[in-house]
Amino acid sequence: MEWSGRGVLVTGASRGLGEQLARWFAKRGARVGLVARGREELERVKDSIAAEGGTAVAIVADVGDKEATYAIAGSAAELIGPVDVLVHCASALGPLPMPLLLDTACEDLASVLETNLIGPFRLTKALVGPMVLRGLGGAPPAASDAQRSVVVFISSDAAVNGYPAWGAYGVSKAAQDHLARVWAAELAEAGVQFLSIDPGDMNTKMHADAIPDADPSTLLDPAVVAARIGAILEHRAGIPSGTRLEASSAAKAVSA
Amino acid sequence: MNAATFPRDRPLEERLLHVDSKAGTVRDARVGDLPSLFRAGDLLVVNDAATLPGSLAARTGEPFEVRLLSHDAGTSWQAVLFGPGDWRTRTEERLAPPRLRAGDRMVLGAHEACVVAVDARSPRLVTLRIDATVQDLYRMGKPVQYAYVERDLALWHVQTAYASRPWAAEMPSAGRPLTWGLLLALRRRGVALASLTHAAGLSSTGDAELDARLPLPERYEIPLETVRAIARTKQERGRIVAVGTTVVRALEGAALAGDGVLVAGAGATNLRIGPGFRPRVTDGLLTGVHDPAASHFALLQAFAPQVLLERAYAHAEQEGYLGHEFGDSSLILPG
Numbered sequence: 104m105e106w107s108g109r110g111v112l113v114t115g116a117s118r119g120l121g122e123q124l125a126r127w128f129a130k131r132g133a134r135v136g137l138v139a140r141g142r143e144e145l146e147r148v149k150d151s152i153a154a155e156g157g158t159a160v161a162i163v164a165d166v167g168d169k170e171a172t173y174a175i176a177g178s179a180a181e182l183i184g185p186v187d188v189l190v191h192c193a194s195a196l197g198p199l200p201m202p203l204l205l206d207t208a209c210e211d212l213a214s215v216l217e218t219n220l221i222g223p224f225r226l227t228k229a230l231v232g233p234m235v236l237r238g239l240g241g242a243p244p245a246a247s248d249a250q251r252s253v254v255v256f257i258s259s260d261a262a263v264n265g266y267p268a269w270g271a272y273g274v275s276k277a278a279q280d281h282l283a284r285v286w287a288a289e290l291a292e293a294g295v296q297f298l299s300i301d302p303g304d305m306n307t308k309m310h311a312d313a314i315p316d317a318d319p320s321t322l323l324d325p326a327v328v329a330a331r332i333g334a335i336l337e338h339r340a341g342i343p344s345g346t347r348l349e350a351s352s353a354a355k356a357v358s359a
Numbered sequence: 059m060n061a062a063t064f065p066r067d068r069p070l071e072e073r074l075l076h077v078d079s080k081a082g083t084v085r086d087a088r089v090g091d092l093p094s095l096f097r098a099g100d101l102l103v104v105n106d107a108a109t110l111p112g113s114l115a116a117r118t119g120e121p122f123e124v125r126l127l128s129h130d131a132g133t134s135w136q137a138v139l140f141g142p143g144d145w146r147t148r149t150e151e152r153l154a155p156p157r158l159r160a161g162d163r164m165v166l167g168a169h170e171a172c173v174v175a176v177d178a179r180s181p182r183l184v185t186l187r188i189d190a191t192v193q194d195l196y197r198m199g200k201p202v203q204y205a206y207v208e209r210d211l212a213l214w215h216v217q218t219a220y221a222s223r224p225w226a227a228e229m230p231s232a233g234r235p236l237t238w239g240l241l242l243a244l245r246r247r248g249v250a251l252a253s254l255t256h257a258a259g260l261s262s263t264g265d266a267e268l269d270a271r272l273p274l275p276e277r278y279e280i281p282l283e284t285v286r287a288i289a290r291t292k293q294e295r296g297r298i299v300a301v302g303t304t305v306v307r308a309l310e311g312a313a314l315a316g317d318g319v320l321v322a323g324a325g326a327t328n329l330r331i332g333p334g335f336r337p338r339v340t341d342g343l344l345t346g347v348h349d350p351a352a353s354h355f356a357l358l359q360a361f362a363p364q365v366l367l368e369r370a371y372a373h374a375e376q377e378g379y380l381g382h383e384f385g386d387s388s389l390i391l392p393g
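Protein chains in written order, with my numbering: chain S, 104 to 359; chain R, 59 to 393.
Be careful, since some hints might not be right.
As the list claims (entries may be wrong) - Pairs of lysine to any residue, SDA-like flavour, derived with a Cα cap of 25 Å:
| # | chain 1 | residue 1 | chain 2 | residue 2 |
| --- | --- | --- | --- | --- |
| 1 | S | K169 | R | V192 |
| 2 | S | K169 | R | G239 |
| 3 | S | K228 | R | R246 |
| 4 | R | K200 | S | K130 |
| 5 | S | K228 | R | L240 |
| 6 | S | K169 | R | W214 |
| 7 | R | K200 | R | R152 |
| 8 | S | K228 | R | V192 |
| 9 | S | K228 | R | R68 |
| 10 | S | K130 | S | R140 |
These are computed hints drawn from the structure, not numbers from a lab.
Using the sequences plus the hints, can you model the full thing?
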C-alpha cells in the first residue's frame, strides 16, 4: 500500500504504541493526525516527526468526551485531508492499582467504557461515513483492496482471557473487537476494512501502570510492534475485514 | 407551513413529497421510500461539507455574535455580525451589531479577531482575521441556532452521516435524513453515490438588504471521481440527482465556469439559479419543502414549472408537512 499523502489518524499518539505507529506512518509519507489529551507531549511528538521530515498535526482532545467527536473529525479532515486510516490506540485502564470487578465502582467501569468503547465508536461513526462515501465513490467497481480505507482497533489479550483485575479494561477491549466484527459485516461491500490487532505485552507507561513489577526486558519495544502492525496493514488485502489478529504471528505470516 | 422544531429520531419515517416534473404529478411518500423512486443507473450527488461551529460569542465593549460565513484562506474569514441577544430572537428582530471599522479588534473567547474589511453596502458583513486554529473554533463555537427550534442544537444535530471537511456555515440540510441504511439500500438498487464539497453559507443575516444578496459566492471542490461518475451516468442515460441546492450550485456553477463542461477541481460560484435557468448537469433535486416566498423556491423553478411547484406546496401545507432545516423533504425528479 502506498501511504504517501494519505490521511492517517492515530489516537493515543502522545506515547507508547500510538506514538510509534504515528512515526511509522509519517516516515512513509502519510499525513498524520495525532490525537491525545496532553498538549505538551503531543507537540513533542509532532515536532520530532517534523524534524525527521514527516507531516503531522496535533489534535488535543479526549476521545472519551462526546463534545470532542466532531472537533477531532473536522480538524483532521481540514488539516490532513480525508482520513483513510484510523487507528484507535488511546485506552484507559481505570483506577490503579487495577481492582477486582467486585471492587470496581460502576462509575469507573463506565468511565473506562467511555474512553475505550463509546469514544472510539463515536469517532469511528464520524469518520467512516466519509470513508464509505469515498469507497463507493462514483459507480462500481469500488476502490481496489489496496486502496481501501481501514479502521484498526488496538486490542489486548485481556479481550479474550479473563484475567483477574483486568475486568473493566478487558470488557472494553472485547467489545471493541466485536464492534470491528459487526462493522465489517455491515460494510462488507463498502470499501472500508475493520481489524482488531492484539499488539502483545509492550514496554509502555500503560504496562508499567498495570503491572509495575514486570521485568522490562521481557516486554516488546513499541517501535517493533508498530513495524509489525505496519507490515500487517501493507498486506491487509488478503485479510478478511472483521478479523482479530495477534501482531507477532500475523506479521510473520504476511512477511513469509 | 409549520416548522419541525427539533431534529427527529426516525428520519426514514419523515415525509417526502415526490414531484414528478415530467408527468406533472405530486405524490406523498416517506423518506424510506426513496429507493423505489430511483432507477438503477441513477446517480445521487451529496455535499459532504461538515457544519462549522460557526456561531461565536464576541465582545468589543458590548457582547455580540459573530457568525462565520466563509473561510477565505489562512486566518481570514467572512462573517456576519448580530447584535446582543441570542437565537431565541428571530434574526430580523435582533438588535443591530456594533458598527465596526477596518482595524477594530474584538475578543472571541480566549482569542482575538481583527476587522480587515467592512462591506460597503452592509456594515454587518465583515472580513475578519481570526487568531484561532480550526480546533480553537471547535472549542469556542456553537453551530448556528434557529429561533423556531425548541432548544439548543449541538454540533451532532447538524451533521450529515457523511460529513467530512468543516466548510458549511449552516448544515447542508437536504442530506440530513439520509441514513447509511438508506444510502446502502439505494446502492443495492444500483444507484451510484458521489460527493462534492460545497461551502454552504448562512440562510439569514438579519438584514433584508443583505438577505436579498444571498447566496454570496461560495467555494466548492468537485473530485475527479464525481466528474467521471456523472459522465458515466449521462452516457448510460441515468439521472443525476443533487442532494440539496448547494450541490446544484456547485455542479451548475462549475459547468458554467468550464463553458458547459464539468471539470474537477476547486472553484467558487456566484451563480444564482431561478426560472429560465436550464441545468446542464443535474436532472433532479432532493431538498426541503420550500415556501414560494423563499429564495430556494426560485431555484426549484429551474427543475419544474412554477404552477406545479405551487400546487405541490399547497398540497404539502394542507397535508401537514413540516418545513425548515429539520423538516420534511421533497424530491423533484422527472419520471
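Can you confirm whether the C-alpha distance between K169(S) and W214(R) stays at or below 25 Å? holds (9 Å)
Does the structure keep K200(R) and K130(S) at a Cα separation of 25 Å or less? violated (37 Å)
Do the alpha carbons of K169(S) and G239(R) lie within 25 Å of each other, as the hint requires? Holds - the C-alpha atoms of G239(R) and K169(S) are around 23 Å apart, at most 25 Å.
So if I understand the rule, the pair passes when the alpha-carbon distance is 25 Å or less; does K130(S) with R140(S) pass? holds (23 Å)
Is the hinted pair K228(S) and R246(R) satisfied, with a Cα-Cα distance of at most 25 Å? holds (21 Å)
Taking only the CA atoms, is the gap from K228(S) to R68(R) under or equal to 25 Å? Judged against 25 Å, a Cα distance of about 18 Å means the pair holds.
Would the hint linking K228(S) and L240(R) be met if the CA-CA limit is 25 Å? Holds, at about 16 Å.
Could you grab the alpha-carbon distance between K200(R) and R152(R) and see if it respects the 25 Å cut-off? Distance of about 18 Å is within 25 Å: holds.
Pair hint outcome, K169(S) versus V192(R) [Cα-Cα no greater than 25 Å]: holds (18 Å)
Is K228(S) close enough to V192(R), meaning Cα to Cα at most 25 Å? holds (21 Å)
Checked against the numbered hints listed earlier, the structure breaks hint 4 alone; every other hint is satisfied.
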